[in-house]
Amino acid sequence: MTAVTTAPHAAGPRRRPGARVIPTIILLLGALYTLFPVFWVVMASTKTSGELFSTFGLVPGTGFFDNLVALSVFEDGKYWKWALNSLIYAGGGALLSTLVSAMAGFALARYRFRGRGVLFTVLFAGVLLPGITLAIPQYFLISALGIANTHWAVLLPSIINPFGIYLATIYAQGSVPEETLEAARIDGASEWRNFRAIAFPMMLPGLVTVFMLQFIGIWNNFLLPFIMLSDETKFPLTTGLYLLLNRGTGTPVLYTYAIMGALLSIIPLVTLMLLLQRYWKLELLSGSLKG
Amino acid sequence: MSPAVAAAPVRRRRDSTRPRLAPWLFLSPAIVLFVLFLVIPMGYAIYLSFVALRVEGGAFGTRQQVFVGLENYVDALTDPELLASLGRLATFGVIAVPLTLGGALLFALLLDLPRVRFARFSRTAIFVPYAVPGVIATLLWGFMYLPTTSPINFLLTSVGLPPIDFLGPQGIYGSLANIAIWAGLGFNMIILYTALRSIPVEMYEAARLDGAGEWQIAWRIKIPLVAPALLLTLIFSLLGTLQAYSEPTTLKSLSNSISHSFFPLMKVYRDAFGLDNVSSAAAMSVVLALGTLVVSLVLLRILQRRTFEEAK
Numbered sequence: 001m002t003a004v005t006t007a008p009h010a011a012g013p014r015r016r017p018g019a020r021v022i023p024t025i026i027l028l029l030g031a032l033y034t035l036f037p038v039f040w041v042v043m044a045s046t047k048t049s050g051e052l053f054s055t056f057g058l059v060p061g062t063g064f065f066d067n068l069v070a071l072s073v074f075e076d077g078k079y080w081k082w083a084l085n086s087l088i089y090a091g092g093g094a095l096l097s098t099l100v101s102a103m104a105g106f107a108l109a110r111y112r113f114r115g116r117g118v119l120f121t122v123l124f125a126g127v128l129l130p131g132i133t134l135a136i137p138q139y140f141l142i143s144a145l146g147i148a149n150t151h152w153a154v155l156l157p158s159i160i161n162p163f164g165i166y167l168a169t170i171y172a173q174g175s176v177p178e179e180t181l182e183a184a185r186i187d188g189a190s191e192w193r194n195f196r197a198i199a200f201p202m203m204l205p206g207l208v209t210v211f212m213l214q215f216i217g218i219w220n221n222f223l224l225p226f227i228m229l230s231d232e233t234k235f236p237l238t239t240g241l242y243l244l245l246n247r248g249t250g251t252p253v254l255y256t257y258a259i260m261g262a263l264l265s266i267i268p269l270v271t272l273m274l275l276l277q278r279y280w281k282l283e284l285l286s287g288s289l290k291g
Numbered sequence: 292m293s294p295a296v297a298a299a300p301v302r303r304r305r306d307s308t309r310p311r312l313a314p315w316l317f318l319s320p321a322i323v324l325f326v327l328f329l330v331i332p333m334g335y336a337i338y339l340s341f342v343a344l345r346v347e348g349g350a351f352g353t354r355q356q357v358f359v360g361l362e363n364y365v366d367a368l369t370d371p372e373l374l375a376s377l378g379r380l381a382t383f384g385v386i387a388v389p390l391t392l393g394g395a396l397l398f399a400l401l402l403d404l405p406r407v408r409f410a411r412f413s414r415t416a417i418f419v420p421y422a423v424p425g426v427i428a429t430l431l432w433g434f435m436y437l438p439t440t441s442p443i444n445f446l447l448t449s450v451g452l453p454p455i456d457f458l459g460p461q462g463i464y465g466s467l468a469n470i471a472i473w474a475g476l477g478f479n480m481i482i483l484y485t486a487l488r489s490i491p492v493e494m495y496e497a498a499r500l501d502g503a504g505e506w507q508i509a510w511r512i513k514i515p516l517v518a519p520a521l522l523l524t525l526i527f528s529l530l531g532t533l534q535a536y537s538e539p540t541t542l543k544s545l546s547n548s549i550s551h552s553f554f555p556l557m558k559v560y561r562d563a564f565g566l567d568n569v570s571s572a573a574a575m576s577v578v579l580a581l582g583t584l585v586v587s588l589v590l591l592r593i594l595q596r597r598t599f600e601e602a603k
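Protein chains in written order, with the working numbering: chain Y, 1 to 291; chain L, 292 to 603.
Incorrect hints may appear among the rest.
Just some of the chain L residues that point at chain Y, by a computed CB distance under 10 Å [unchecked claim]:
1) Gly334
2) Leu402
3) Ala410
4) Tyr464
5) Leu588
Stretches of chain L that chain Y covers, calculated by requiring three or more beta carbons in the stretch to come under 8 Å of a beta carbon on chain Y [said to hold, decoys possible]:
6) 381-390
7) 431-444
To be clear, the hints were calculated from the coordinates, so they are not data collected in a lab. Where a beta carbon is used, it is the ideal one built from N, C-alpha and C, also for glycine.
Please put together the full structure from these sequences, using the hints given.
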């Protein structure tokens with residue numbers, strides 16, 4: 001809340017005093033709305049399961065550390081396994097996905113070859129295809145490959161991201177000059193070297209966005225692991241917390257686990273997002289359809 | 292996987308600066324994965340949608356896949372359960388989409404105004420839910436709705452007002468829409484805000500000097516100029532709405548108002564895995580995918596025509 005005073009005091013009141021009070025209030029109400037459930041979960045995480053159902057939601061309780069310990073030892077530390085799995089799926093998947101998208105985007109943006117137009121259209125149709133309708137046939141394919149209920153079942157389908165390829169193409173078109181590549185070619189650089197040493201560094205700011213979007217996409221995904229996995233120790237956080245909530249109907253103490261688990265799972269991603277915020281190039285999204 | 296191989300044939304043809312093999316090698320991982328996880332599943336779904344399991348050969352016959360033509364499609368499109376789930380989805384979408392986009396546009400326009408206080412804080416706070424998975428967003432709001440834990444109803448009843456039935460058969464639509472709005476507001480706001488920031492100030496500086504109010508500038512200049520971005524957010528929102536799955540499934544744990552076939556995708560899942568009726572699930576998947584594709588293509592058509600005219 002420190003870096004907010006960008007509007008200079010002197011310039012403000014000179015033209016129309018107090019004119020920006022209402023916009024400021026509306027924006028703060030918006031912030032209040034989005035932060036309200038987050039504030040509630042922080043308070044709820046401090047409550048024992050008795051306090052959760054008997055005390056007012058917005059005051060703290062007395063059980064924070066007990067809840068933390070109880071969640072950590074729940075069924076041999078299952079929660080932390082879920083957290084690790086989420087990290088593997090989202091981190092590994094997004095990294096591979098970004099690499100695949102970068103190479104494909106570079107090729108589509110900087111080479112002219114037969115079939116390029118068709119390929120681009122087909123990939124673009126993939127963007128519009130609701131991924132979720134593919135999940136069930138994907139399950140049959142994964143089963144046929146014999147890798148259902150393994151980490152690969154979630155990881156492999158997460159690597160292909162048509163939207164990421166699309167963004168990488170747009171970004172490569174704008175950031176990698178053709179002349180630089182030509183010059184390097186004349187100097188005898190291989191095409192792979194052209195990509196790795198010239199294009200990749202130039203595309204990096206855009207690729208951070210592709211990585212972040214895909215990381216959050218996989219981290220937030222529910223249906224894919226829900227369909228692919230039956231072994232609870234391979235679950236990511238989303239399906240794991242769903243399991244807790246679903247079982248909680250019979251055993252209310254699981255609600256406190258779910259609440260603590262929800263809080264812990266939000267912290268790293270929100271922190272990451274806030275830290276990387278300045279490296280995001282979301283104008284890439286709004287500008288992406290103008291080409 | 293190593294496109295370095297591309298160098299060899301390319302370098303041999305010294306006269307050419309247009310390598311032929313290299314782009315395909317760069318594209319090969321993407322193409323292989325695209326075929327494996329998009330084209331084949333889609334093809335398989337289409338195949339499944341035209342067959343059905345039938346018992347052949349009298350009493351001792353075996354179950355066999357037979358071609359049934361459009362039967363699965365006719366069944367799907369006349370299935371009252373699917374039509375009802377589409378109706379529920381439409382009710383949810385009619386509340387959630389306009390409010391999400393309207394709110395996002397409002398916040399983006401306010402952020403774009405000069406001399407607004409706490410703008411950075413508000414922008415960041417409104418964007419935070421984007422990093423919260425749908426399951427967890429539902430979990431948080433679910434406890435806001437649950438009669439035994441709801442702080443909202445606690446306040447209402449403590450001042451003598453009746454509690455709100457968030458999880459009842461009527462309230463459930465607003466409650467689900469609220470989760471979608473909460474989750475979608477920030478992302479759409481940022482897209483629209485970056486689009487607003489890319490408008491050159493000269494475009495409305497003159498209007499401002501002529502004494503036009505900010506409201507007029509927003510309505511006459513800014514909104515028309517961000518129309519392409521607005522259409523983009525509309526496409527994203529519609530795609531998101533059609534795929535609504537994790538929120539209702541999670542909220543189902545807390546509410547009896549959500550059935551196994553509440554939204555279309557929940558019905559698809561239940562038919563495929565709960566009822567073992569894969570053909571019906573496949574036909575519905577294909578219908579939903581085609582419907583989404585048609586809607587998005589129509590919107591994109593409008594978008595491209597607009598930007599094309601602007602370019603002229």
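Evaluated hints:
The closest approach between the C-beta of Gly334 (chain L) and any C-beta of chain Y is roughly 8 Å, which is under the 10 Å cut-off, so the hint is satisfied. Taking 10 Å as the C-beta contact cut-off toward chain Y, the hint placing Leu402 (chain L) at the interface holds, the least distance being around 7 Å. With a cut of 10 Å, the hint placing Ala410 (chain L) at the interface with chain Y holds, because the nearest CB-to-CB distance is about 7 Å. Because the closest C-beta pair between Tyr464 (chain L) and chain Y is about 19 Å apart, greater than 10 Å, the hint is violated.
With its C-beta approaching chain Y no nearer than about 7 Å, Leu588 (chain L) sits inside the 10 Å limit, and its interface hint holds. Residue count for the region 381-390 of chain L with a Cβ under 8 Å from a Cβ of chain Y: 0. That is fewer than the three needed, and the coverage hint is violated. A count of 9 residues in the region 431-444 of chain L with a Cβ less than 8 Å from any Cβ of chain Y is obtained; the coverage claim is therefore met, three being the minimum.
Violated hints for the displayed structure, listed by number in ascending order: 4, 6.
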